[in-house]
Every structure is written in C-alpha cells, then in structure tokens.
Amino acid sequence: GNSVTQMEGPVTLSEEAFLTINCTYTATGYPSLFWYVQYPGEGLQLLLKATKADDKGSNKGFEATYRKETTSFHLEKGSVQVSDSAVYFCALGRGKLIFGQGTELSVKP
Amino acid sequence: EAGVTQFPSHSVIEKGQTVTLRCDPISGHDNLYWYRRVMGKEIKFLLHFVKESKQDESGMPNNRFLAERTGGTYSTLKVQPAELEDSGVYFCASSQVRGDEQYFGPGTRLTVT
Chain A
1 GNSVTQMEGP VTLSEEAFLT INCTYTATGY PSLFWYVQYP GEGLQLLLKA
51 TKADDKGSNK GFEATYRKET TSFHLEKGSV QVSDSAVYFC ALGRGKLIFG
101 QGTELSVKP
Chain B
1 EAGVTQFPSH SVIEKGQTVT LRCDPISGHD NLYWYRRVMG KEIKFLLHFV
51 KESKQDESGM PNNRFLAERT GGTYSTLKVQ PAELEDSGVY FCASSQVRGD
101 EQYFGPGTRL TVT
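In order, the protein sequences belong to chains A and B. Under my numbering, think of the first position of the first sequence as 1, with each following residue one higher. Under my numbering, think of the first position of the second sequence as 1, with each following residue one higher.
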C-alpha cells in the first residue's frame, strides 16, 4: 500500500540556516504530494503541493519537487526564521491522505 | 469565510465513558474527512464522507467508533466505550472536490484516563 517516510525530528536550527526535511514515498498510481504545517496551538495548514512528477510546489520561501525517479518530495528553505518553528507533515493522496510521522522544527534566534 | 471548526477543543474522559466529537466543515464542501494522530505518531485516516454517505471507512479502528453526517452538513464521531488507546488528537478536514486541497480544523485533543 501507499506510505510516506519522513525524516525524524526534532530538528533544531539557528535563524537563517538552510533547511531540508526529507520525505520519501511508496505509491501506486500518481498521487498528489503535500506538505502540511502545524504551528503551535493551531490546526494543520497546507504549505505547498505538487500534483504530478517534476512539479515544484512553493510557498513562503519553502519549496519541494515531486521526484518520481527517487520517490521523494523533500522540503527545503534557504533561510529559516524563528516563526517557521512548527511541525511539518509530508502527505500523499487524492482524497484520503497518507501522512508521514511529522518533523518538529525549532528555530533559535 | 469560516474555516473548519471542531468541538470540543479538548476532552478528558474516563475509560468506558462515551465521547462525541463534532466537526463543522466549510460551507459547500461535500467531502469531509476524519483523521487521528496518536502519541506523536503519523496522522492516520479514519473515514471519508461525500455529503451524507460514507465513501471510505477503511481507517476506522473498530466498532467502538461511529461516525455520522446528518444532512450532509456537520459530522459527529462517537467513541463508545472509550479505551486508553483512543487518546490522541482527532482532526477533521473538508474539501469541495475529492482530490482538492483539504482544509483542516484545529483538532480535538481526547484524553482517556
């Protein structure tokens, strides 16, 4: 069946550091891929998405590219801010979503 | 436009008791999903409604869980009787079209003692 494997956290970075959170998947067919973010005390928000191979999703300085050959959808940001501290979830699906276990990111000033 | 709302935000009950969680999706969204995150693990799908019909309930853990969506509007998820392993955060999400972006509610944190 479909599955998502995400880099384990917690991840602690200094402000302005480069961020990569790895996400790999196993899927049949051609699902869409998503990154969701949960800020402290809030619900899940869609951060970015990609619907087909080689698509790049981007939002708020974050990017991820749908790589079919490596079955990956790694999240990157060139310069993180304290306000990026949150839990990040990689997910796949069309309708029913399959999530990774989440990666907690803490950014220190 | 109001987002997805869930009630209560937090519930603490004893093992063996009954709890009912409520979700109000975004108006006009026919698709409603329930998910659960237990003990910091991955968020797992529970079930999917299209209007008032259950489209997929493959993620429901057992028959202690009952979900309804009367009139295709709000949905309830009842746990009866609750067990310790039911503790976690229950999320509701809605979308206008299946496969579209899902909008999530803030979640209900359920603690069974």
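Be aware that one or more of the hints could be misleading.
Covered stretches of chain A, going by a simulated chain B footprint (3 or more residues, C-beta under 8 Å) [said to hold, decoys possible]:
#1 13 to 26
#2 78 to 84
#3 90 to 96
Heads up, simulated DMTMM-like pairs for lysine to aspartate or glutamate below, C-alpha to C-alpha not over 25 Å straight-line [stated by the list, open to error]:
#4 A:LYS56 with B:GLU101
#5 B:LYS44 with A:GLU42
#6 A:LYS60 with A:GLU76
#7 A:LYS52 with A:GLU76
#8 A:LYS49 with B:GLU83
#9 B:LYS41 with A:GLU16
#10 A:LYS52 with B:GLU42
#11 A:LYS52 with B:GLU101
#12 A:LYS49 with B:ASP56
#13 A:LYS56 with B:ASP100
By construction, these hints were calculated from the structure, which means they are not laboratory data. A virtual CB, placed ideally from N, CA and C, is assigned to each residue, including glycine.
A quick look at each hint next to the structure:
no.: 1; hint: 13 to 26; in the structure: violated (count 0)
no.: 2; hint: 78 to 84; in the structure: violated (count 0)
no.: 3; hint: 90 to 96; in the structure: holds (count 4)
no.: 4; hint: A:LYS56 with B:GLU101; in the structure: holds (16 Å)
no.: 5; hint: B:LYS44 with A:GLU42; in the structure: holds (18 Å)
no.: 6; hint: A:LYS60 with A:GLU76; in the structure: holds (11 Å)
no.: 7; hint: A:LYS52 with A:GLU76; in the structure: holds (18 Å)
no.: 8; hint: A:LYS49 with B:GLU83; in the structure: violated (36 Å)
no.: 9; hint: B:LYS41 with A:GLU16; in the structure: violated (29 Å)
no.: 10; hint: A:LYS52 with B:GLU42; in the structure: holds (24 Å)
no.: 11; hint: A:LYS52 with B:GLU101; in the structure: holds (15 Å)
no.: 12; hint: A:LYS49 with B:ASP56; in the structure: holds (23 Å)
no.: 13; hint: A:LYS56 with B:ASP100; in the structure: holds (17 Å)
Of the hints listed earlier, those the structure fails to meet are numbers 1, 2, 8 and 9, in rising order.
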